[in-house]
Structure formats: C-alpha cells, structure tokens
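Asks: In case you want the letters, here they are:
2 protein chains.
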Amino acid sequence: MRSIADNAQLALLLEVSSTPKPGNVDREHEYEDLRFEHFITGGVGARRGLERAATGGPVGDAFEQAIAGMSGQSGGNTQFGAVLLVTPLAVAAARTHDDADLPRPLTPEHASEVVAETTVDDAVGFYRAFEHVGVAVDDPPEDLGAPDVRHGADAEPALRERELTLEDVMAESADIDGLAAEYVNGFERTFAMAERISDGTGPVTDRAARAFLEALAAEIDTFVVTQHDHETAEEVRQRAQAALEGDEDVSDLAAEFVERGINPGTTADLVAGGLFVALEGGLEV
Amino acid sequence: MRSIADNAQLALLLEVSSTPKPGNVDREHEYEDLRFEHFITGGVGARRGLERAATGGPVGDAFEQAIAGMSGQSGGNTQFGAVLLVTPLAVAAARTHDDADLPRPLTPEHASEVVAETTVDDAVGFYRAFEHVGVAVDDPPEDLGAPDVRHGADAEPALRERELTLEDVMAESADIDGLAAEYVNGFERTFAMAERISDGTGPVTDRAARAFLEALAAEIDTFVVTQHDHETAEEVRQRAQAALEGDEDVSDLAAEFVERGINPGTTADLVAGGLFVALEGGLEV
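Residue numbers (this note's numbering), protein chains in the order written: chain A, 1 to 285; chain U, 1 to 285.
Keep in mind that the hints were calculated from the coordinates and are not lab data.
Computed from a prediction, not measured in an experiment: that's the story for all the values here.
Do not take every clue at face value.
Said to hold, decoys possible - So the derived list for chain U, only partly shown, Cβ under 7 Å to chain A, looks like this:
(1) LEU13
(2) ARG27
(3) HIS29
(4) ALA116
Here a beta-carbon is modelled for each residue, glycine too, at the ideal position from N, C-alpha and C.
Required output: the full structure, derived from the provided sequences and hints.
Replies: Next up, the structure:
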C-alpha cells in the first residue's frame with residue numbers, strides 16, 4: 001500500500017525514531033541546536049526530492065531537490081548522508097518495480113546498475129546539494145581528481161571538463177567515506193543492514209537500533225574519523241562492541257557520546273538505507 | 001518552502017513527537033501494541049490523502065484516502081481524529097493560498113467556509129473512512145438522525161435519503177465529540193492552540209506538549225468520556241490542572257495514564273490541528 005516515495009520517507013523517519021543509537025540524535029537524545037524535531041521536519045522537507053527519485057530520477061537532481069527541501073528547518077544538516085544513500089536505492093526501486101508491486105524486493109545488482117548509469121549531470125547535482133547545507137565555500141583547496149565538495153555548484157566546469165560522473169566522484173572517496181564506499185561496492189553494508197532488520201523480531205525501531213550497534217561494532221564510522229580522528233573512531237567501535245557484549249551500558253554510552261559530540265553519522269545513514277531496502281522487501285511496521 | 005501537504009503531514013508527525021502528553025503515545029511513551037513507530041508510519045501513509053486535501057479536496061474523499069493510507073500499519077487506528085481536523089484545514093489553506101505563498105495565514109472564517117460547503121458526498125466519505133479502522137460493523141444500532149458511524153459505507157443510502165452533509169453529521173454530535181464541535185464552531189480551540197504554540201519559545205515539541213496540557217486542564221476530553229466516563233474525564237482535567245500548577249509531576253501522570261489506559265486523544269488531535277494552523281502561519285521548526 002505504501003509507495004516507493006512513502007518508504008523512502010519512512011526510512012528517514014524510522015531511522016531517527018530508533019533509540020538508542022549512541023552519539024546520534026534519536027527520539028530520546030538530542031543536542032540543544034540539533035533536535036529530534038529538526039530531523040522529522042527534514043524528513044518531510046525531503047519528500048518531493050524522494051518522490052522524484054521514486055519516479056526514476058535522475059539521481060543528481062532528485063538528490064539535490066531532496067537536500068534543498070531537507071534544509072528547510074533551523075537545525076541545519078540533518079539527513080544529508082541518509083538521503084545520499086536512499087536516493088539511488090529509490091531510483092533502483094522505481095526502475096525495477098511498480099508502486100503496485102508488493103513487496104518490491106531490491107537487489108545489490110539493481111542498485112549498482114543505477115550507480116553505473118550515473119552521468120556528469122548527476123555529479124553536478126551532488127555538488128550543488130552542498131550549497132544547501134553550508135558546506136560550499138568561496139575558496140576551497142586545490143584539487144586534482146574530483147573537485148573538493150566545498151566548491152559546491154562552482155565545481156560544474158571542472159566536472160564537465162574531466163567528464164566525471166557521480167560514480168567516478170564516489171569512487172574517488174570510497175576509501176575514506178563509508179557512504180561513497182556503498183556506491184561502489186553494491187551497497188553491501190546497506191543490504192546487510194536490511195537483512196538484520198528484517199530478520200529481527202519486535203518493534204522495528206528496536207531492531208534498527210540493534211542493527212546500528214552491530215554495524216558500529218563491526219567497522220569504524222568514517223564520519224567520526226572526519227570529525228575527530230581515527231583513534232576516536234576506533235574507540236567508538238570498541239565500545240560499541242563492549243556494549244553488544246554487555247560490558248558497557250548502551251544508555252550511558254549514548255549520553256557520553258552526545259556529551260563529547262561524537263556522532264557516528266555514517267552508521268546511522270546505513271540504518272536509513274537498510275530500512276528502505278527492508279521496507280521495500282516487505283518489512284511490516 | 002514547505003507545501004500545504006508538507007505542513008499537514010508535519011503537523012501529524014510533530015504532534016506525536018511532542019512529549020510528555022499524559023496518556024497519549026508520544027516519543028517517550030507507548031503501548032506494547034500501539035507504538036510511536038505506528039504513528040510515524042500512519043503519518044507517512046496519510047500523505048496522499050493529505051495531498052488531495054491540499055489541492056482543494058473534496059473533504060470527504062481526501063479524508064477517506066488519508067485514513068485508508070494511515071491504516072497501513074499494524075498498530076491500528078493512530079491518527080483518525082487528527083486527520084479529521086487537519087483535512088478541512090488543509091482544504092481551506094488550498095482554497096485561500098498558493099503553495100508559493102509564505103506564510104499562508106488561515107482564519108476561522110476560511111475553515112468555516114469549507115465546512116459550510118461540505119456535501120452529502122463528503123458525509124459518505126466520512127462514513128466510509130470508518131471501514132478502514134475496523135469501527136464499521138454489520139448490524140449497528142438503529143438511528144434516527146445521522147446514522148451511527150458503525151454503519152460505515154452502508155450508511156450511504158440513509159445519508160443520501162436524508163440529504164445529510166458532513167456539516168450536518170458533525171452538528172449532530174458536536175455536544176458529545178470535541179472534534180465535531182470544532183467543525184461547527186469555527187475551529188475555536190484549534191486556532192487557540194495554534195496561537196499558544198506560535199507564541200511560545202523553545203523547541204516546538206515542548207511548546208506543543210505545554211499547549212496540550214493547558215487544553216487538557218481547560219476542558220474535559222471527549223474521547224476519555226467515550227472510552228471511560230465523564231467522571232474519569234473530569235479527573236483527568238483536574239489532574240492536568242494540578243500538573244500545570246506544579247502539584248503533580250507530569251511524567252508520573254503520563255506513566256499513570258498509560259498504565260490505566262486513559263488516552264485524552266481528542267486533546268492530542270487539537271494539538272495536531274493547532275500545529276498545522278501554526279505551521280501555515282509561519283511557525284519555524
């Protein structure tokens with residue numbers, strides 16, 4: 001009964017509703033300036049871009065539109081990464097299934113095909129999206145491969161000259177960005193997340209929170225590396241592992257990470273992507 | 001930047017995100033079988049019906065479509081009353097403003113006009129909606145005025161024969177149903193709620209929770225009367241008043257009401273309606 005766009009939006013909303021996800025905003029944890037209500041509003045604002053993805057894309061335009069809408073709240077950047085993951089998946093869903101099909105099972109192959117077919121225009125849309133979240137600056141550092149994302153819309157001439165598609169851009173940062181890695185490796189961790197959520201029992205938000213913790217314990221979060229450093233990210237991974245094994249209290253961990261400003265955002269984005277795949281595959285809420 | 005449909009959906013989602021609202025599901029309180037995630041999913045499912053309302057209606061069809069979509073989750077009836085209130089308000093917004101207008105201030109007159117123009121078809125849509133939430137039964141009691149809502153879609157011949165519009169149907173139960181009362185009194189409490197939320201400061205969900213408590217202290221909740229009795233509803237009102245005055249702890253009250261199965265749902269619906277009016281009027285999140 002829910003459309004592809006409905007499930008894409010629901011994935012964003014269920015992700016932030018899942019608690020506890022140590023260090024991230026969820027329905028029981030927030031920062032003074034970045035609150036649960038900002039994520040809810042971001043999920044509503046992203047809707048029209050997600051609808052565009054759910055009619056087949058193009059990925060870059062749909063992504064930029066979703067980010068423009070997501071930004072229409074005062075908390076700032078709420079779901080950039082989650083939308084980045086969900087957009088090509090929604091495009092893949094639209095290309096392989098009809099809204100009337102239920103379930104609409106997605107495969108890594110469907111998703112990879114969408115990535116393989118991305119164009120330079122899609123890359124331009126991706127860079128433009130950074131304008132909406134205040135990442136673009138007037139004078140970013142020099143770059144030789146893919147332009148620095150801080151170029152924002154100004155990256156367009158370089159992207160066109162070098163004929164860089166969105167896939168090319170993602171491939172360049174795949175080893176330092178867990179979301180870019182998903183684009184080039186068949187959304188491996190996203191699909192694994194979907195499976196963990198689908199196979200669980202009980203409330204969906206509890207299952208998603210558990211899947212988050214398992215993923216956080218399995219691999220370092222690249223957003224924590226970017227915001228802090230590799231050492232902090234490795235500490236986060238180990239303590240998530242300890243929480244899984246019952247040696248740390250997960251609620252205390254959540255409070256501490258919020259306190260220290262540690263947000264394993266990439267892992268949360270994987271939860272959103274996983275929820276979308278699971279919902280399309282027939283997960284009941 | 002948000003459309004009328006966006007704000008209608010956002011109103012539903014922010015209502016359930018507002019905590020504490022003693023006795024109601026919110027992001028920190030839920031029942032085992034009726035959880036926060038069901039309301040989030042209900043708010044996503046209602047989207048297409050709300051979009052219909054946001055293009056001008058008709059009220060009855062838009063309402064039925066929103067309820068059909070809302071019901072696509074396993075928690076059951078999550079936001080019937082909230083949608084009942086938001087639907088004519090969204091139609092009023094669409095008839096007086098364009099999505100490009102910001103803000104799009106609504107007045108009680110706009111809303112009353114929509115109610116005055118409802119037709120027998122709108123009444124039929126309203127009755128049909130009950131089919132989706134399992135209220136309709138094969139053999140409801142006899143009725144002389146407006147048909148019992150348990151007739152569901154079967155009420156259609158009687159509605160047509162007696163030429164009852166949605167306004168007529170609401171007028172008949174206005175003295176026992178706080179939402180029907182809103183339809184016939186210019187959405188008085190809804191607009192008052194919008195004002196309280198808009199005039200407040202701090203997080204929107206905190207303001208909405210405070211406005212809920214004030215409204216609960218001011219008038220008995222008709223849903224509590226229906227589910228329990230007048231005495232219980234009056235107790236709820238007095239204890240909300242005590243919580244406002246600091247003589248009761250609002251969190252304890254929330255826990256107790258959940259425990260006793262007391263859900264002041266009508267007052268929560270007014271919060272959703274109030275949030276929609278406030279968002280259309282330019283409330284920032």
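Asks: Holds or violated: HIS29 of chain U as interface residue toward chain A, Cβ cutoff 7 Å?
Replies: violated, 11 Å
Asks: Holds or violated: LEU13 of chain U as interface residue toward chain A, Cβ cutoff 7 Å?
Replies: Interface hint status for LEU13 of chain U: holds (5 Å vs cutoff 7 Å).
Asks: So, as I understand it, the hint says ALA116 of chain U touches chain A; can you test that by seeing if any CB pair is closer than 7 Å?
Replies: violated, 30 Å
Asks: Holds or violated: is there a CB of chain A closer than 7 Å to the CB of ARG27 of chain U?
Replies: holds, 4 Å
Checked against the numbered hints given earlier, the structure breaks hints 3 and 4 and satisfies all the rest.
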